[in-house]
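*Asks:* Read off the chains here:
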Amino acid sequence: MKSLLAILSVVLLAAVPAASSLAASAQFQGKIYQPGNLKPIDSKSELKAGDRAPDFTLPSLGGHPVSLRDYLGKKNVVISFVPAAWTPVCSDQWPGYNIVRPLFEENDAVLLGITVDNLPTLFAWTNEMGGLWFPVLSDFWPHGRVAQEYGVLRTDGTSERALFVIDKTGVIRYMDVHDINDRPKLEALMAELQKLRQ
Amino acid sequence: MRRKLLRFAVFLLALTCFSTFPFAPAAAQRPPAEGETFPELQLPLPQKVEEREYLKIESGPFRLSQIKTDIVIVEVFSMYCPHCQREAPNVNALFKALSNRKELKNRVTLIGIGAGNTPYEVNAFRNLYKIQYPLFPDGDLGLHKKLGEVNTPYFFVVWNKPNAGRRVVYSKVGSIGDPNAFIQMISSKTGVGGRK
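For the record, the sequence lines run as chains A and B. Per my numbering, the first sequence starts with residue 474, numbered consecutively. Per my numbering, the second sequence starts with residue 289, numbered consecutively.
Quick caveat, the hints were computed from the structure, so don't treat them as lab data. Glycine residues also receive a C-beta, built at the ideal position from the N, C-alpha and C atoms.
Some but not every residue of chain B turned toward chain A, in silico, with C-beta under 10 Å: (1) 367; (2) 370; (3) 404; (4) 405; (5) 408; (6) 416; (7) 417; (8) 427.
Dumping the calculated SDA-like pairs for lysine to any residue here, alpha-carbon to alpha-carbon at most 25 Å: (9) A:658 - B:407; (10) A:658 - B:416; (11) A:504 - B:436; (12) A:504 - B:318; (13) B:460 - B:425; (14) B:393 - B:333; (15) A:512 - B:430; (16) B:336 - A:575; (17) A:512 - B:427; (18) B:336 - A:663; (19) A:668 - B:411; (20) A:658 - A:627; (21) A:512 - B:429; (22) A:658 - B:374; (23) B:433 - A:509; (24) B:433 - A:559; (25) B:384 - B:465; (26) B:433 - A:510; (27) A:658 - B:334; (28) A:504 - B:317; (29) B:418 - A:667; (30) B:336 - A:576; (31) A:521 - A:668; (32) A:504 - A:560; (33) B:433 - A:660; (34) A:658 - B:411.
Reference excerpt, derived from the structure (chain B facing chain A, CB under 7 Å, subset only): (35) 368; (36) 369; (37) 373; (38) 406; (39) 409; (40) 412.
Next up, chain A with everything else stripped away, as it sits in the complex (with noise of 0.2 Å):
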């Protein structure tokens, strides 16, 4: 009887549609880690749409500290953390940036993109992406403390899947702690970036 239901269980966990799955670029196949369905949310942020941003400095892959309060009063500000180089998700996300950035310039907003990787790795990672129009950040040392002040550093020390916007005057008008196996619809932020222009 308990093995009857054992192959009744097997049979109808195979049969329930896996969790959304993206479509992979060939780019980097055998280069990425596959670390299955995570749980989609593991953290979770005191800040909210309204409160003041934190400020933070890190250093780049261009070679110079980027601080947020260097586009005080200047620009708007897009922080799209992903969780970590090198896995799925994360490696289609920034390239899918990278080919709209006229969508980023007609909304004066930057793109900041922080990983809690270390230089080396982002460097290795955004090289095989072919380069990146936009900054990107390491979270590394002291390990993700960025990501802990916005409240999405995780319990594994990655950090979530999740796009802050941020406005001129330092506020976050924004945010969205996404589902760490999905990429967030670009549409939704283009929409929030518009708002800003309102």
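The hints should help you fit chain B onto chain A, whose structure is shown.
*Replies:* Below, chain B without anything else, positioned relative to chain A:
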């Protein structure tokens, strides 16, 4: 206890048979290979008049089998895929070469399917690369599943062979290479636009 287990087993069986299977997406284990039949796909009606005219489709959604040219080239891409981005000008060159050859113009159709891409994302890709052939969004990856969840970019060449259905004559991941050589390959395999 035994009776409870039996009831639970019957419940699981019923759930499996009557709930999960009918609604599970039809997923292929692997992409259709050369010589195999290409799966039927349902596609939305393109927004642009030029694309509807190119496909000779007036209402939608429509089926791939309603495209009546001898050859249908299906590109599976994603706007998020760097390799697809780099391949875009090359596929545009293929479309131009197909359009410029009168022996192929009305015999070969080229379409793209944006795996995991919303209409907005497909539009961004179309606008950036000035793509003139029809691109279809596949936000829920339903089409991608039917095509064996291929990596991108992936190209299928489907031959509407008389009395033989939609036969796959090319099924590969990665660049198509030189567009003219690609066209020649299609001609040599099918006789369309040249000699077999």
